[in-house]
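**Student:** Chains A and B supply the protein sequences, listed in that same order.
Just so it is clear: in the first sequence, position 158 is 148 by my numbering, and no numbers are missing.
Just so it is clear: in the second sequence, position 250 is 240 by my numbering, and no numbers are missing.
A couple of the hints might just be wrong.
Identical copies look the same in the list; a pair holds intra-copy or inter-copy alike.
With a Cα cut of at most 30 Å, we get these calculated DSS-like pairs of lysine-lysine [to be verified]:
no., residue 1, residue 2
1, 129, 24
2, 133, 219
3, 162, 129
4, 233, 133
5, 162, 233
6, 109, 219
7, 129, 233
8, 25, 179
9, 10, 220
10, 219, 129
11, 109, 220
12, 182, 109
13, 8, 220
For the record, the hints were derived by calculation from the structure and aren't laboratory data.
There are 2 protein chains.
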Amino acid sequence: STPAPAAASLSYTERAAKSKSELGAKLLRLMDEKKTNLALAADVLRSEELLRIAEEVGPEICILKTHVDILEDYEPGFPDRLREIADRHNFLIFEDRKFADIGNTVKHQYSGGVHRIAKWSDITNSHIVSGASSVASLKEVGKPLGRGLLLIAQMSTADANTSAQTVENSLKAAREHADFVFGFICQEKIAKEADDVAFVHMTPGVHLQREGDNQGQHYNTPQHVITQKKGITESNDRRGEAKRYREAGWSAYQSTLNH
Amino acid sequence: STPAPAAASLSYTERAAKSKSELGAKLLRLMDEKKTNLALAADVLRSEELLRIAEEVGPEICILKTHVDILEDYEPGFPDRLREIADRHNFLIFEDRKFADIGNTVKHQYSGGVHRIAKWSDITNSHIVSGASSVASLKEVGKPLGRGLLLIAQMSTADANTSAQTVENSLKAAREHADFVFGFICQEKIAKEADDVAFVHMTPGVHLQREGDNQGQHYNTPQHVITQKKGITESNDRRGEAKRYREAGWSAYQSTLNH
């Protein structure tokens, strides 16, 4: 139980070297290479719009977060089209499925059905509600494919039912399955031990603070992957807005490095 | 906070009269009319097999529990075919989706996507992890359609993360939205107040105890909807096995009535 004083000064690439997760290491290296810690949540209802957003914003982001189960016109060919854009622009796909069932069920939900999430989504996420046993089941499907999992330790809603026990159980399961679980959906930094430095913290709905002439933009969570949604998707200039968020996030990250 | 001493002796029909949920009342009346408190979990991967099970076991059950998101060959016409069987054999459909996201997302997941759950599933369920706000969002979609929701207060896995707080928050949200939430997925009776008598408790994986010559079958939870899975779906005589479970469950229920 040693605290990790140096964590704040490690680069993403340095943290990648300490990751036990193939996908976690890939993401952390990608972030330094591409100079972005920006994820975009694209909660749209039409496939064509999602693909258009991916194409426009792709060069600025490290992760595109999707909800394929709200796409009204989802077709089996859709993931291949999204995958092609992701590979060309070098970002990862994160299907925000929030698995929340027992092991045997989540295994089928992850690998099967019409959506076949494991086949095309680099990242997915899971609640810890059914215990670490469900994480082990997801790992059986995802690890051989080089996929990674985020555990949902905290929710952003004011009346969320997540508790200190949820955070503890998420940390425990993540450390036990660090070859598959590479981080957390959370509201604050929760993995603080020396061995935790490779874990990624992903915080939904971070907003740029606009002060006066758009200077003074800041993030409270510079070590995290920051996620933006409507601020970008509902803008008339998605690419430009994404660039602005990316630069602010990158600058916050760089200010934490010791060089 | 008055305990409900009479609850154990109320019939389903008497409880139906006290339900604030259209669907909850419908289920409770159906159970008495059809003389069954048996639900069947049909966790199969092919549409045709699910439809065959529904056809065979339909006359014995009050609820068929589905996971459409694990059906590899799901097609938009599937729900209509299942709905026709359900209406003909007079059972309700329960898509076991276990919603676990914020309100705006679960609303789309419930109404939209390729599965359009709200359009054909009488019942669905939700975790309370995002708070009562997500229940309110599901209600916006489901209540106008006469649908009902079960809240997942407890999970059956040994390492489940559900807590006393989860049970309390589930009860609170259910009482607040009793016109839509008609019961719980749980391991024991959790709603014990006088005003709670209409709530249905649904306990997964209840098994018949076989003793010697199959006599002495009993359920510990006679007031609950009992759910069976492989004991029926993997039997060579599904209909016969379902009948056996149904009769044991019905006899347990009848022994609690004061007449």
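**Student:** Take the hints in turn and mark each one as holding or not.
**Tutor:** Structure-based check of each hint:
1. 129 / 24: The answer is within: 28 Å in one copy meets 30 Å, while 43 Å across copies does not.
2. 133 / 219: both (28 Å within a copy, 29 Å between copies)
3. 162 / 129: Cα proximity of residue 162 and residue 129: one copy only (15 Å, versus 35 Å across).
4. 233 / 133: Neither, since 32 Å and 42 Å both go past 30 Å.
5. 162 / 233: neither (36 Å within a copy, 44 Å between copies)
6. 109 / 219: both (25 Å within a copy, 28 Å between copies)
7. 129 / 233: For residue 129 and residue 233, the Cα distance exceeds 30 Å both inside one copy (34 Å) and across copies (38 Å).
8. 25 / 179: within (21 Å within a copy, 54 Å between copies)
9. 10 / 220: neither (33 Å within a copy, 37 Å between copies)
10. 219 / 129: Both: 28 Å inside a chain and 25 Å across chains, each within 30 Å.
11. 109 / 220: Close inside one copy (28 Å) and across copies (28 Å); limit 30 Å.
12. 182 / 109: neither (32 Å within a copy, 45 Å between copies)
13. 8 / 220: For residue 8 and residue 220, the Cα distance exceeds 30 Å both inside one copy (34 Å) and across copies (44 Å).
Hint check: violations occur at hints 4, 5, 7, 9, 12 and 13; the rest are consistent with the structure.
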